[in-house]
Amino acid sequence: MASYDEADPGHPYSIAEAWADRLPQGRLVSEEQGQSPLAWQGGRLSRVIADFCEEPRSRRGWRRALEQVEVGHRTALRHFMAMDETDPVSVAPVRGELRYGLELARLLADGRFNRVTPAADPRPVLLIPGFLAGDVS
Amino acid sequence: MTVLAGWLRRRGHEVRGSGMLVNVGCAGGELTRLEQVLAEFDAPPILIGQSRGGTLARALAARHPQAVAGL
Chain L
1 MASYDEADPG HPYSIAEAWA DRLPQGRLVS EEQGQSPLAW QGGRLSRVIA DFCEEPRSRR
61 GWRRALEQVE VGHRTALRHF MAMDETDPVS VAPVRGELRY GLELARLLAD GRFNRVTPAA
121 DPRPVLLIPG FLAGDVS
Chain D
1 MTVLAGWLRR RGHEVRGSGM LVNVGCAGGE LTRLEQVLAE FDAPPILIGQ SRGGTLARAL
61 AARHPQAVAG L
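Sequences listed follow chains L and D, in order. Start counting the first sequence at 1; every next residue gets the next number (my numbering). Start counting the second sequence at 1; every next residue gets the next number (my numbering).
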């Protein structure tokens, strides 16, 4: 499943093409360029998957396809496990979010925050909020 | 965002918001809206995005590299 989604440049279209080339039973599917990503369209995506599954395929072909999926999963799992060993990530407890008010008060009271030095070359700035947030957050 | 905007203004920056009440729209639609905001700047701005805003900022810069001063 490939996508032309420009908002997700971390997963380029070429990666999906490379996977499709390497999987003997693989096939590349995608939306038309400029359309909403197929991966986001649940109903249409389900039909694509159902059509693929209904295609006549030998038992051997199915076994090979499943083996390829398993190899892909194992490779991904090894990749993530290796990442975990070399770059362990500590996950903060969710209750830490409750410190928001205290952290904001501490920031606003901090002398370093309030002693503002005018920028030498103050360029204009566009602020873009995160998911579920807005300009007034 | 408001705290950051206030701090940047005190530093002398011209600061504009994205115009988003809540960042929940489809990425394509949000990017179109941001392109309109970007066109209102007299000089290429620096884009600062938080979380999904960072992803949108990166896509906006990829579409209009000449209109963005930095990320």
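No lab work stands behind these hints: they were computed from the structure. Watch out, some of these pointers could steer you wrong.
What the hints assert, rightly or not - Covered by chain L, per the in silico footprint, the following chain D stretches (three or more residues, Cβ under 8 angstroms): (1) 7 to 14; (2) 17 to 29; (3) 39 to 46; (4) 61 to 70.
What the hints assert, rightly or not - Not close to chain D: a few residues of chain L, all C-beta gaps over 12 angstroms, as computed: (5) Gly96; (6) Asp121; (7) Arg123; (8) Ser137.
In this text, a Cβ means the ideal position worked out from N, Cα and C, and glycines have one as well.
Right, here's what the structure says about each hint:
Counting residues of the segment 7 to 14 of chain D whose beta carbon lies closer than 8 angstroms to any beta carbon of chain L gives 7, which reaches the threshold of three, so the coverage claim holds. Coverage of the segment 17 to 29 of chain D by chain L holds [criterion: at least 3 residues with CB-CB distance below 8 angstroms; count 11]. With a threshold of 8 angstroms between beta carbons, the proposed coverage of the segment 39 to 46 of chain D by chain L holds, since 6 of its residues qualify and at least three are required. Under a criterion of three residues with beta carbons nearer than 8 angstroms to beta carbons of chain L, the stated coverage of the segment 61 to 70 of chain D is upheld, 4 such residues being counted.
In this structure Gly96 (chain L) is separated from chain D by more than 12 angstroms, as the shortest Cβ-Cβ distance comes to about 16 angstroms. The beta carbon of Asp121 (chain L) sits about 9 angstroms from the closest Cβ of chain D, which is not more than 12 angstroms, so the claim that it is off the interface is violated. With a minimum CB-CB distance of about 5 angstroms to chain D, Arg123 (chain L) fails to clear the 12 angstroms threshold, and the non-interface call is violated. Separation of Ser137 (chain L) from chain D is inadequate, the least Cβ-Cβ distance of about 5 angstroms not exceeding the 12 angstroms criterion.
Violation of the numbered hints given earlier is confined to hints 6, 7, 8; the remaining hints are satisfied by the structure.
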